[in-house]
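First to last, the sequence lines map onto chains A and B.
Here numbering that gives the first Met the number 0 is used: position 293 in the first sequence is 292, and no number is missing along the way.
Here numbering that gives the first Met the number 0 is used: position 281 in the second sequence is 280, and no number is missing along the way.
Calculated from the structure, these hints are not laboratory results.
Keep in mind that a hint or two might mislead.
[Claimed, not checked] In silico contact screen, one side only, chain B against chain A (beta carbon under 7 angstroms); selected entries:
| id | residue |
| --- | --- |
| 1 | T108 |
| 2 | Y115 |
| 3 | V128 |
| 4 | I137 |
| 5 | L141 |
| 6 | A223 |
| 7 | F247 |
[To be verified] Simulated coverage check for chain B against chain A, where a stretch passes if three residues somewhere in it have a Cβ under 8 angstroms from a Cβ of chain A:
| id | segment |
| --- | --- |
| 8 | 31-41 |
| 9 | 46-54 |
| 10 | 79-90 |
| 11 | 146-157 |
| 12 | 195-205 |
| 13 | 253-259 |
The beta carbon of each residue, even a glycine, is placed where N, CA and C say it ideally should be.
Each chain, written out:
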Amino acid sequence: MSTSITGHSAVDELPGPDGREPLAGDAAGTGRLADRVFGGAATGAGLLVVALVALVGTFLIIQAVPALLNNNVNFLTSREWVPGGAEPRFGIVDLLWATVVSSVIAMLIAVPLGVAVALFITQYSPSWLARPAATVIDLLAAVPSIVYGFWGLNIAGQYVEPVAIFLQKTLGWLPFFESAGISAKSTLFFAGIILAIMILPIITAISREVFAQVPSTHKEGALALGATQWEMIRTAVLPFGKPGVISGAMLGLGRALGETLAVMILLSGLSDSAPWSWSIFNGGATFASKIALNAGEFDTPQKTGAYIAAGLVLFILTFIVNAIARVIIERRKAFIE
Amino acid sequence: MSTLTHVGSDATAARLDLSGKSSGRALKDRLARVLVWSAFVVACIPLVWILASTVIKGGHMLLSADWWTLSQNGITSRRVGGGAAHAIQGTLMQALVTAAMSVPIGVLTAIYLVEYGRGRLAKVVSFMVDILTGVPSIVAALFIYALWVTTFGFQRVPFAVTLALTLLMIPTIVRSTEEMLKLVPNELREASYALGVPKWKTIVSIVLPTAFSGIVTGILLGLARVMGETAPLIILGPYTKSMASNLFDGLMGTLPTMINQDRDQALEPALDRVWGASLTLILIVFVLNLLGRFLGRFSKVS
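Start from the sequences and build out the full structure, keeping to the hints where you can.
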């Protein structure tokens, strides 16, 4: 399969049919008072958004730093989480592990599934079904997180037990699949599955959008050369859509990292002295679920600061992941336009 | 596999008869088709399953008039009865206030991005909107907590929740409004300028009305998103069983916190109410969502 033939044609780099910049007429502002007020208000709103993001970062840092300075262990390398008391000790290793593992499991399931569903909607589905199908997938995103958690724990969770036991039996010799003696519905594994359902819509939506933009000349060219529909998709649609799929996956990852309620309800907490385990059948707490679980304990600045520090790490993580996704999308946009 | 079975459909037969290799390709094509179809079916299962579970377990709660008119005041987990009116009212009130704050900011930001913003600043604003889209709800809640409670020293009141929700709703509105404004044909703006209409008036009376239904769609979808958010409520808006309508004082019950309150209960009446609240919340969110999509079809631009 060669990516050089498709997705890189010179046609894409030409300007649109009318060959002009969109929205010319910027100079129409006449400098009269109402114009300046309205333009000022719009610019002000834009600046407010910038300020909000900056404020989120600043406030989290300001409140996290004192707590971090008081910390008796290394914040980045410790597994302990005792944020209160005279000698607070808290580190993020366990939280980071649970967050990353559950999100990775979610990605492993949701990315292939999401791409397949997007292919279904854009390439395979009969035309009457495409729109309802897209709506149904989008509605998955509308189900509140807490309902996913409650439903997962009480209804869907029981069906994951045999799957977990099967994996533990056949792959149990790998440290990742060891049994940790926790009910399957309270493990990182199942939390990852539920997260996969929750991030499926965003991955599907973005993949769908780019797949629909594949120039029909590419597709017809492939078909005219005798490609089957699948070969056409493999050589024309997928290479063209690759940046979109990657950025959709990153946006999904960003969402999975920060998802709170479903994970909080599902995961069973570990005791402070629990030994380290690589297993995906272990419990634990992610950044978000730890913060939410302990929302009632924000009584001293020290404790609050510790949780805010955890929130700050989560903010930075999602910031990076989302920024990467955006950079990929922007580069592709610049390429097409 | 015999070629005889394929005589019926000539297209496949022709492809299959070429050589052994071709039939392998056809098989792969067939396989891909089956896989893609089954992926769609698999993806539909969770939605159907969740809806079925909540309707079966909580549907009967919604049928009684009490559910829509009474609060949980004085009702213990053991007792049957009471309603979710306090939670429904709380959720709707907070959503309205959130919308009142985020719609002007969001729409104005979109206007800036499409009609005014050029160069560096516009790029920064656009990037920050994307970052705001990705801010996890728990981080937004922590930020408001750090601002409202630890810095200003106020109590945890429902208004603080709406501030956190506003933070989450702004980017949704900016993005959808931006898309709609971009779709408004430039000729409309130019015609207006040519008649001597100032820019602000062109935007207010030509561009915005043209994009109106699309903007409303975006607002409804944004509302649907924030109404289900629970993390800010857990951090900033503790639950109460009785009716409350003061945003600046005391507690206020909402549907997500009503679910959260009793989700660990083993007692039947309490669990029924959790399922009932779940179904009510899903219904409200879905109605908003589908209404938004429906309105979007009447868009003058598309």
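Hint check:
no.	hint	in the structure
1	T108	holds (4 angstroms)
2	Y115	holds (5 angstroms)
3	V128	holds (6 angstroms)
4	I137	holds (4 angstroms)
5	L141	holds (4 angstroms)
6	A223	holds (6 angstroms)
7	F247	violated (20 angstroms)
8	31-41	holds (count 8)
9	46-54	holds (count 5)
10	79-90	violated (count 0)
11	146-157	holds (count 4)
12	195-205	holds (count 7)
13	253-259	holds (count 3)
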